[in-house]
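There are 2 protein chains.
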Amino acid sequence: MSFKYFENLWNLWYTELHNGTAGLTLKIKKVLYSGESKFQRIEVFDTYEYGKMLVLYGSIMFTERDEFIYHEMISHVPLFVHPSPEEVLVIGGGDGGTIKEVSRHPGVKRIKMVEIDQQVVEISKKFFPIMSKGFSDPRLNLIFGDGAEFVKTDTGKYEVIIIDSPDPIGPADVLFKEEFFSNAKKRLREGGILVAQTESPFYHPDIVKNTYSYLRKLFSNVLMYWSWIPAYPSAMWSFCFCSDKLHPLKNFREEKYMELGLETKYYNKGIHFGAFSLPTFAEKLI
Amino acid sequence: MSFKYFENLWNLWYTELHNGTAGLTLKIKKVLYSGESKFQRIEVFDTYEYGKMLVLYGSIMFTERDEFIYHEMISHVPLFVHPSPEEVLVIGGGDGGTIKEVSRHPGVKRIKMVEIDQQVVEISKKFFPIMSKGFSDPRLNLIFGDGAEFVKTDTGKYEVIIIDSPDPIGPADVLFKEEFFSNAKKRLREGGILVAQTESPFYHPDIVKNTYSYLRKLFSNVLMYWSWIPAYPSAMWSFCFCSDKLHPLKNFREEKYMELGLETKYYNKGIHFGAFSLPTFAEKLI
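Order-wise, the sequence lines are chains A and B.
Under our numbering, think of the first position of the first sequence as 1020, with each following residue one higher.
Under our numbering, think of the first position of the second sequence as 1020, with each following residue one higher.
I should point out that these hints are in silico values taken from the structure, not numbers from a laboratory.
Nothing here was measured: the structure is a model prediction, and the numbers come from that model.
Each pair of labels, with its calculated beta carbon distance range: (1) L1268(B) with P1224(A): 27 to 37 Å; (2) E1273(A) with P1224(B): 21 to 31 Å; (3) L1268(B) with S1201(A): 33 to 43 Å.
Glycine included, every Cβ here is placed at the ideal spot set by N, Cα and C.
Next comes chain A alone, as it looks inside the complex:
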């Protein structure tokens, strides 16, 4: 039976609804994987428009076509602000996209990554060679475990901590709690930066509001930045830049940015600054 014949008989569509009444729908070429880990349902689809994509817990984690936006924005913004980010801690991010970007910074000496679900890493290595190339970086120390537990007991100190969590449903719920942020902060070296993904200000105003109110109690500088990400709910996504000492605009290291000359597809100096200009409704929210 040829694939053509197969396609003429029926169509497969992935539809991700947000609030049950609006969503993104993608035509699927092929189901590459569908299974369950100890923690969550995992699917890999090959789509016509967005290339291959990873779906965890019924949410698109990334697509090959647009992953660069999220991973560039969560990594390069803090790494081009901190004057010498040598030790970096990544909580979550099992698909490898974030460490792929972090590992492009030669000044980073050690990357520690704590991912709860080993199977996500294995799936990424199997189906997404570009995403997972950070896993072969010799600076990487990959730990399988609960990020919330890890920051409670770890004794390491980091210049930059990146919270690359999925949505606060399922296993990632604890990564949006005040206690977690407070423990994570204790792992920051003085003057360090914590960055977290903070959902969509358009679709998840309550999560955003709560998260920023927790973070404001902990850090002197708490600034939202945002990007457009087409495969995410509402396609507007936010990140939080937190530091007691550093300011993302005043402390942007232009020389380092020019010197490295990273080839990026979304992030650049203009975007670094522009991303902190919020639409009025998002400004009011936080």
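Chain B: place on chain A using the hints.
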């Protein structure tokens, strides 16, 4: 038969596909209008997530929930740059959203609007009172006709011209042609500004590329600015700022912006500047 009963029997979904393999899907409460004008198919749906929306030619023109982004961005950016925008010409924009925003500028003395499809205006007045309130502005001169023909024969001169066209399929095709832009430019007073919506750099790279190459031949300053618009294809949308004399950042009139103190939901001073910072892939495209 109660509405509840109706809903239990079946569901109505509007799905707008882009390139045939990816799209936005919205659950519909009610079909408010479905018909055809002399020019195009017209539908008005009441959706659960985005409120009421207008669909022309199978493309969402606006939804009540997100229309503010497009209309604020296409109007306030040029109007807060030109030092005295007294005469404004709007081509298209039959739904009234653009003139609703233009009419908030007290310095504007006359607004001429040329819309090809009278029925769009009537539908907007009937179903979208907030969108269509600009129609009652005494400064408005509403002309029903072909925008491309109008700029060929008109003898008026304008400080600001806004091209608020639908996608370049169907009746709006001519509004993306070099000849149209060239004729429109002749209607600009010296030092005037022309702004056009220029589709999605992510989904429509060829249209964007061609449009900017036409505009670059005509104007000294041709700058893309962009916004996130959730109900539009890919949710990333671009606009083009064109002028021979004025620069959108260097000539931003901060005093006027502060003095007017418009209550907006998306546009603000930070967004005015940030919107001109393009993602790298969009920068490369043009």
